[in-house]
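Enquirer: Position chain D relative to chain S; hints supplied.
2 protein chains.
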Amino acid sequence: MDNKSDAKVTPWEVEGIVDYDKLIVEFGVKKVSTREHYLTESITGELHPLLKRGVFYAHRDYDVFLEKYESGESTALYTGRGPSGYVHLGHILPWIFTKWLQDKLNIDLFFEFTDDEKFLYHREYTLDYVRNVTRENILDLISLGFDPKRTHIIIDIEDISYLYELAVRIAKKITFSTIKAVMGFTQSTNIGMIFYPTLQIAVCFLPTELYGRQTYVLIPAAIDQDPYWRLARDIATSLGYPKPAQIHAKFLPGLGIGGKMSSSQPETAIFMTDSPEDVKRKIMNAYTGGQPTAELQRKLGGNPDICPVFKYYEMMFEDDDKKLKERYMDCRGGNLLCGPCKSELANRIISFLEEHQKKRESMRDKIDEYLLRNKF
Amino acid sequence: MDNKSDAKVTPWEVEGIVDYDKLIVEFGVKKVSTREHYLTESITGELHPLLKRGVFYAHRDYDVFLEKYESGESTALYTGRGPSGYVHLGHILPWIFTKWLQDKLNIDLFFEFTDDEKFLYHREYTLDYVRNVTRENILDLISLGFDPKRTHIIIDIEDISYLYELAVRIAKKITFSTIKAVMGFTQSTNIGMIFYPTLQIAVCFLPTELYGRQTYVLIPAAIDQDPYWRLARDIATSLGYPKPAQIHAKFLPGLGIGGKMSSSQPETAIFMTDSPEDVKRKIMNAYTGGQPTAELQRKLGGNPDICPVFKYYEMMFEDDDKKLKERYMDCRGGNLLCGPCKSELANRIISFLEEHQKKRESMRDKIDEYLLRNKF
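First to last, the protein sequences are chains S and D. Its first residue numbered 0, the first sequence is counted upward by one per residue in numbering that gives the first Met the number 0. Its first residue numbered 0, the second sequence is counted upward by one per residue in numbering that gives the first Met the number 0.
Calculated directly from the structure, the hints in this document are not laboratory data.
Distance condition first, Cα-Cα at most 27 angstroms in a straight line; then the derived BS3-like pairs of lysine-lysine:
hint, chain 1, residue 1, chain 2, residue 2
1, D, 179, S, 179
2, S, 310, S, 103
3, D, 179, S, 172
4, S, 179, D, 172
5, D, 374, S, 374
Just chain S, same shape as in the assembly (with noise of 0.2 angstroms):
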């Protein structure tokens, strides 16, 4: 049986190699194009490295959203974060991204951190936990230099008066025949995690009801999303909403061999509140696709394709197309070893944290300008 067939990706579990192009047909969206590229050029005179190098590579109606944004009509954007622990790079990528968009449409971001679902899905979390994991991620998602004017930050417990009735609205639609085959629920999932759906397609629809007005929502998130947008957009007409569109990403890879950065395997992730240390020593020990020996890597040449620490020059760390194909055609002709090339991408990242982890710490008494609560 082959490998990619047996990979698994739901919003609570990303496990095994996922085959990108299976997940596409799999959860019936399309892949981004020429075309969408040629679009969001025309609005924004510049694409980002991770639509060109094709990261965020499907959508549903992501060139629908960018026409009605050229069309003059109300648009917003959404995403969020499941506060489960510290937010590594894996988690900041779609952020990043997400960030540009709004700076370059200057339209609001909604950000929900969803500490109820969090809070039910990990038997052992207490709502302090949660609550202190939130706030930590607030610090982390800030410091990126999102606009306190245009981010809006809801947290589900703390804003559920924002929620709920549109909640119930959406909880009227939808069966449990029909969250069980969306989300994989069992008998003996609790009733809040049945539940909790609702409030992360909720958002979907707030802008319309807070600006008071039709608005269509683009979501930029990682590809384990899907199943919400899904039952979103099924539901969304009858609602009286427009059906919000998406742009998917791939995954950042974690360092070890094959799935995506976790942070239930520390070693193979790099967080955001990691030392120097702590990144130079995981970085050297990552997986890569060099040979067993410099002298047979200077031979037969490395394989950037199959390695962790290529895709992350190629995904965050190496904006310059021309240096990056440089560093693809170096490796594959033996010329650039593994030792200099991870030393490099540690060097980099070090220099990324450490710039963060400054601002992370002077941020601690801004989040209040992000709150939705505060402005709305």
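Expert: Below, chain D alone, put in the same frame as chain S:
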């Protein structure tokens, strides 16, 4: 097959002739005994007819609640209403007893309007409809003379911020299997209904949260609500709250043969907004325990035991035990015919409703004084 075993009693349906003794066994509750009567009387100085005459007939820890009250522990009352339509006499019966308890014990009453439940349950209901019905129902409640300082109305959707955190803590303890078994849900139940019980349970624990001290809660309500309290008691301790106590009422019968008073059969129900003509017509058309002719009735006597008209005297419109007994004997002995007995009842109901309807209109601008959100 015995008619009685066919009765169906769930929070959403009460069908057939209810065997109240069987419900005690089925639900695992206790019969209210002379011990509870003595305990009540020793605290309140008198026994309310609804208790004395066995309308409030079953309980869980009612005695424990009274003992906690006596020993100076923090206590509160909790009951509620699903705002699905206009209020009838059957609805206010437990409210009358609740008010008596509140007056005697001088403690807070938390009263929940489950607008979300009714919106979610009835396919055709809109939120606007439920909102409007809630406002109308509140008028009927507060017109009974509840003290606004001690009576706190909570409306689920509008006041969700008081309930949601409790609800997710509760939800985490309840699987779909459990809720399905306890509430009789199916695969086609919508996910709002599946989650909703957490909100009815949440109010059991709300007084402890609002007062900041362990608070013993007594719930006077019709017995069909028992499944909620069973669940609430199962999880109370693990969440750190005292188990809520209940005292269960029988249903006021409808004016037809068997069954409880129900809005779905408006000609057999007396609504708080009915005109004198409505009342007269409905009562005069009521089923009774009488004989086919006056002559036969004089000869054989009537049967007050199966007569809804007699039940109305017993449960709501004749507080004087001596007079009630006379009415019973006169009916049995053939000295009291159905015509005058009905006519007298209609008059009593009409004057009760006339006073109620006058008060009701004067309460429209008093609602705010009762809302929990204006006080906590």
